[in-house]
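Novice: Here the protein sequences line up with chains E and L, keeping their order.
Just so we're aligned, residue 1 is where the first sequence starts under my numbering, counting upward by one.
Just so we're aligned, residue 1 is where the second sequence starts under my numbering, counting upward by one.
For the record, the hints were derived by calculation from the structure and aren't laboratory data.
Beta carbons: idealized from backbone N, C-alpha and C, even for Gly.
Honestly, I wouldn't trust all of these hints.
Only pairs whose alpha carbons sit at most 30 Å apart, straight line, appear in this in silico DSS-like list of lysine-lysine [to be verified]:
#1 E/72 <-> L/92
#2 E/53 <-> L/92
#3 E/72 <-> E/111
Taking beta-carbon pairs under 10 Å as the criterion, some of the chain E residues facing chain L (in silico) [stated by the list, open to error]:
#4 38
#5 50
#6 52
#7 55
#8 85
#9 86
#10 98
#11 99
#12 101
#13 103
#14 105
#15 199
Residues per chain, in single letters:
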Amino acid sequence: MLKTTDLNAYYDQFHVLHQVSCEVHEGEVVLMLGPNGHGKSTLLKSICGLVHKVDGAIVYKGEAITRLSTEKLVNRGIIYIAENRELFGEMTVLENLKLGAYSRNARKAEKKNLARVFELFPRLATRKKQLASTMSGGEARMLAIARGLMSNADFLCIDEPSLGLQPNLRIEVFNIIREINRQGKTILLVEQNIPQIAELAGRIYVLEEGCITFEGTPEAAAREERLKEIFLGM
Amino acid sequence: MILEYLDVFISGLTNGSVYALMAVGLTLVYGVSKAFNFAYGSFYSLGGYFAWVLMVLVGLWGGYIVVFALAVPFLMGFGFVTEKLIIAPLRKRSDWEVKVMMITLGLALFMDNGFQVLFGPRMKSLPPLMEGAVSLGDIYIANQDIMIFVLSVSGILAFRWVLNNTRIGMAVRAVAQNPAGAKIVGIPKNRIFAATFGISTVMVGVGGILLAQKYFVSPMGGWDILVKSWVITAFGGMGSIRGGLLAAFILGMLEAFVGYWFGLSWVLFALFAVLLTTLAIRPQGLMGKWG
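Chain E extracted, bound-state conformation (with noise of 0.2 Å):
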C-alpha cells in the first residue's frame, strides 16, 4: 500500500534518513522501532509531507507522492498522528473533531466518522463542549488519534501513542489502535513500549542513526541478539 525507496531527509544540514526503504501492505500494521533520535519520527513525518527537504521515492497505492503537500496527502487519505498531539487548545473536542474532518475528502463522511469515533472514545462523546487544553494527558491523546480518524484516512501514521501514559492507558491505546486496524485501517506506527505492542504487529523494522537494521516478524526480532537491547527498552 505504501512504499519507501532510498528515501533521504533532511532537516537544514543534519541527514536525518539514510537510503530508508520500507513498506506496509494494506490492512497491516507496521512497527518501527529504534532508540530515540534516531528518526523514527523524521520517516513518518518525512512520509506525510511535514518535512522539507526530502528525497528518494515514496509510492501509495502505486502513486509517486514524494514531496505532495501534507493537504494533498491528507486527501489521499495519509494522516500523521502526532507523538505530541498538537491539538487546538482553545478549542472545543468537538471543534478540534471537525477540524480533523477538514479536507475533501474527509468532508462527505463527517457525519459517520464522527458516529465511529464516538463509539470508538465514548468518553470524547461526553465531553464534545469541553476545552481541550484542559483535558487529562490521556483524554488528549485519545482526542488526537480521534482526530487523526475523523480525516478519513485509510493509512495511519501513528508516532509514540504512549508516550507518557500510565500503564493501563497504554494498554487502552494499544485497544483502540487494535480496534481501528480491524476496522480495516492500515496502521505504521513508532513506538517505545516494546512488550505491549509487538502482539499487534504483523512486522517489524528496526531503524538505527537514520537506516533500517532489521525487517521481520515479531517473533524474528525477539531471537535477534543484538535487538535485545532495543526489545528491553531504553
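Position chain L against the provided structure of chain E, taking the given hints into account.
Specialist: What follows is chain L alone, placed relative to chain E:
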C-alpha cells in the same frame, strides 16, 4: 455641561467602534500569521479613496450601499493578492517577520505616493452616510454617527460569527492556535494566511470609508490610523481579539475626552502614556493571548 459630555461620549463611542473594527483586523493578521502589516494605514486610505472615486468622481448611482457592495470584494481581493505576491514568498526565509515589516513599510510609501500622484495632495471629503439627526429631548445624535456605529459593530459581529460558525473561521482559529496542528489535519495554511490578510484589508478599508465622512481622505492620512491601530493592538494584547475590542473602546473614549478637555494635540500623547503605563505593568497587554 452634561449634554456636552454626552456629545463627547458619543464621539468616543463612534470612533471607538471603528477603531475596534480596524484593530481587530490588525490583530487578526498578527495572531494568525505573526506578520505585522505596516501598510495597514494605507489600506485605510485605499478604502477612503475607493469610496471617493465611486461617490464623487464617478457619481455612482445607488450611493453607499453600492459602494460597500463593491468595496468588500475589492478590498478582499486586494488584500489576498498582496499577501500572495509580496508576503507569502518571504515566509520561507529566515527572519521573515522583520522582512515583512520592511516590505509592507515600502508598500505603504508606494501606495501613499501613488495616492498623491493620482488624487493630489488635497484632502477629499465624502458625503455623510445619512443626513439629519435623531433628537431625544435636548439630545441630538447625528444619523451619520449612528450609522457609523451600527455598521462597524455589525462588521465586528459578522466577523465573530464567521470565526465561530464557519469552516473557514474554524480553520483561521486553528492556524492561530497551533500552526503545526493545522498543517497536520490538512488545512491549507498559506491560503488561510492570504484569506485573513484579505479580511483584515476589508476591515480597515471599510473603517476608512466610515471615518472618511468625518475626517476626510488624504494621501498620508493612514499613518495616524496605523499608529492608533497598533497602540490598540499592543494595549489590548497582541493577537487577542477581545483585548483589541476593549482597548479600542477605552482609547476611543480617552481620545474624545482628552481632545475635549486639553485639545486634540494631546490625544496621541495620552494614548502613548496609557500604552506605556499598561505595558510597564502588564507587558502582554490587557488580555494576553488569542481569545
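Novice: Holds or violated: are the alpha carbons of residue 72 of chain E and residue 111 of chain E at most 30 Å from each other?
Specialist: Answer holds: residue 72 of chain E to residue 111 of chain E is near 22 Å, not above 30 Å.
Novice: The hint names residue 55 of chain E as touching chain L; please verify it with the least Cβ-Cβ distance against 10 Å.
Specialist: 18 Å, violated
Novice: Is the shortest C-beta separation between residue 103 of chain E and chain L less than 10 Å?
Specialist: Where the cut-off is 10 Å and the nearest Cβ of chain L is about 4 Å from residue 103 of chain E, the hint holds.
Novice: Please check whether residue 105 of chain E passes as an interface residue: C-beta within 10 Å of a C-beta belonging to chain L.
Specialist: 9 Å, holds
Novice: Going by Cβ atoms only, is residue 50 of chain E closer than 10 Å to chain L?
Specialist: 7 Å, holds
Novice: Against chain L, with CB atoms and a cut of 10 Å, does the hint on residue 99 of chain E hold up?
Specialist: With a minimum Cβ separation of about 5 Å from chain L (threshold 10 Å), the hint on residue 99 of chain E holds.
Novice: Please work out if residue 72 of chain E and residue 92 of chain L have their alpha carbons no farther apart than 30 Å.
Specialist: 20 Å, holds
Novice: Identify whether the interface hint at residue 38 of chain E stands, where standing means a beta carbon of chain L within less than 10 Å of its own.
Specialist: 22 Å, violated
Novice: With a cut-off of 10 Å on the beta carbons, see whether residue 199 of chain E makes it to chain L.
Specialist: Since chain L brings no Cβ nearer than about 28 Å to residue 199 of chain E, farther than 10 Å, the hint is violated.
Novice: Let me know if the C-beta of residue 98 of chain E comes in closer than 10 Å to any C-beta of chain L, holds or violated.
Specialist: 7 Å, holds
Novice: Hinted pair, alpha-carbon criterion (30 Å max): residue 53 of chain E, residue 92 of chain L. Please report holds or violated.
Specialist: Answer holds: residue 53 of chain E to residue 92 of chain L is near 13 Å, not above 30 Å.
Novice: Would you check whether residue 86 of chain E satisfies its interface hint, that is, whether its CB is within less than 10 Å of any CB in chain L?
Specialist: 4 Å, holds
Hint violations for this structure: numbers 4, 7, 15, all remaining hints satisfied.
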